[in-house]
Every structure is written in C-alpha cells, then in structure tokens.
Amino acid sequence: MSTIPVINQFIGVYSLLLTIFGTIGNLLSLFIFLKTKILRKYSTCKFLIALAIIDTLSLYWWNLQRFYKVYFGFTYNNLSVASCRISMFMAYSTLEISSWLLVLMSLDRFLNIKFACYRQRISFNPKMVRNLILTTISCFILINCHHLIFNGYADITVTNGTQVVTVVCYASRYSRYILWPVWEYFHLIIYVCVPFCFILLCNCLIIRQVYFTSFNNNRRRKFNMTLTLLTTTFCYIIMLLPSSLGFSVFGDVLSSNVLNLLDCILYTYHSIGFIIYTLTGQEFRSELKKELNGALHCLQLSFKNNTSIHPLVTTNR
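Counting in the numbering used here, the final residue of the sequence shown is number 456, and the numbers go up one at a time with none missing.
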C-alpha cells in the first residue's frame, strides 16, 4: 500500500465507503418508505422508492470499480468481454434512470401542487405511478441494451509463440464510431442537459407555487414532501455539474485524479438520500425514530430474557 499515492488511496477508500454507507442508507430509506402508510400515499414517495433501488445499484459499477483498480489492479472492463458489457450497461442505465426519475418526480410534484384534477386522477393512483416508473426504466434498458451486444471485444495477439488476450472495452469491433465517442455525447444530453433543464424549470415553478400558497396542516405536510424533493434535486444539480463539465469539457486538460475526485462527488449524491430524507422529511424522521425506539426496546427485552434464563450464580465462601 505504501507504493500507492495518497490521493489514489483516498479515492479507493472513499469509493468503498460510499458503496457501504450508501447501500445501508438507501436500504433503510426503502424500508421506511415501504413501511410508512402515510408516506406511501404520496406519489413522490413512490418515485423515491424506485430512486433508492436504482441509486443503490449505481454504486456498484464505476464507483466501486475505482476501489478495485487502486487496491487490486483490475476493473470490470478488463476482466472479460462479458463483464465489460454488463458493467457499461448497468453503469449507464442506472445513472440515466436515476436522473429521469428525478425529472418525473419534479414534474409530478409541480402538477400535484398546481392542479387538483391531476392529484385525484394520477397522483393518488398507485397503478398509474407504478406504470410510469416501469415504463421509464424499460425505456432506458432498451436505449442501453446495445452495450450488451456491440460494446467491447477481445483483441488476440501472439508474441513469441504466446497468445495474449486483451479486452478492449470502450470500443466496438465493427466500427470505432458505432459507440464512441458518439455515445458519450448522447449520454451527456439525456443524462445531464435535458434532465437539468427540466428539473431546474420544475423547481422554479414549484418554489413560485409554494410561495403563493397559504399553509394549513395538510398543505404543511405536502410542503415537507416538496422540501425533500427540492433538496434532493438541488444536491443532484450541484454534485452532477462538476463531474459532467470535467469529463465533457475539460477531460483533456484535467488529470485522472481530478476527474476521479469529481466522479466521487457525483456518486456522493447517490449515497446521501437517507441523510436528505432524515433532515427534510418530518414524517420520515418520525417513522425512523419510532423504528429505532422499537429496535432498542426489543434489544432490552432480549437482554432481560437472557439474564433471567442465565442468572448470575454466586457462591458463599
């Protein structure tokens, strides 16, 4: 480890910690959202459930790969053609799905606040929201399925009678232009540019609508969900932009360590959902506190039962 530069050690460990704590946090969020009836009735919550699953999956590809590269000297890309294709498919798909779930969630929240008819017909219709989420996921699976077919190939060379197989991942055997760099630009558009514009517009409309809305108890509860959404999308914007600009605009200028650090900032967003929901969601925080108190009570009962079954034995001397 002493031969590994300190910055690389930090990047590797940080990526591993993001994966561990992000997975735990997203699974806890998923548990709270699924268990709490008052939260499940909001369409925003249904999008957050899907987002927790997708964000968890996204942490295990480009993010965790940095840890393997630093400490074990390999990546998914150079293990085999199959691992190259699967990793590219999962990495691109999860990031794009996550981005567009935020778009749908922002649009849904604005329409929910603005139009009563939307609230009655769609927002409180679990089947409609579920179908919308599944359709979005299916679309991006289809958009990215070409990675499973065309991306990567095995380059076989013979040196001194020895056959050497090298996996070339960011390329296609058929044409160097069939995927790269064309796909990178397309990914930038559908992952960054278009979602960014939609989310920014919806957030401005939401803030304007909430500002001119009088508050009662019911509206205050809805405002808590709106605050959670606005905080989530704000974190998405400020953590996505550095990485996107770094790779797309300054990729030839910045060093690989700087680009990796910017990517760490991006994946930090996919790991902090639980913290955002705890800080901004009153119902989420109350349910979390209730679950923690219940778990603590169970531990106390278990400890008391164990001590009653196995009492301390004292002997007289």
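There could be a bad hint or two in this list.
Computed spacing ranges between beta-carbons, pair by pair [what the hints assert, rightly or not]:
no. : residue 1 : residue 2 : range
1   : Lys429    : Phe211    : 40 to 46 Å
2   : Pro381    : Gln302    : 24 to 30 Å
3   : Leu440    : Tyr257    : 42 to 48 Å
Calculated directly from the structure, the hints in this document are not laboratory data. For each residue, glycine too, the CB sits at the ideal point set by N, CA and C.
If you check the beta carbons of Pro381 and Gln302, does the distance land in 24 to 30 Å?
-> The hinted range 24 to 30 Å is violated for Pro381 and Gln302, with Cβ atoms some 43 Å apart.
Measuring from beta carbon to beta carbon, are Leu440 and Tyr257 in 42 to 48 Å?
-> holds (47 Å)
Is it true that Lys429 and Phe211 lie within 40 to 46 Å of each other by Cβ?
-> holds (42 Å)
Hint compliance for this structure: hint 2 is the single one not met.
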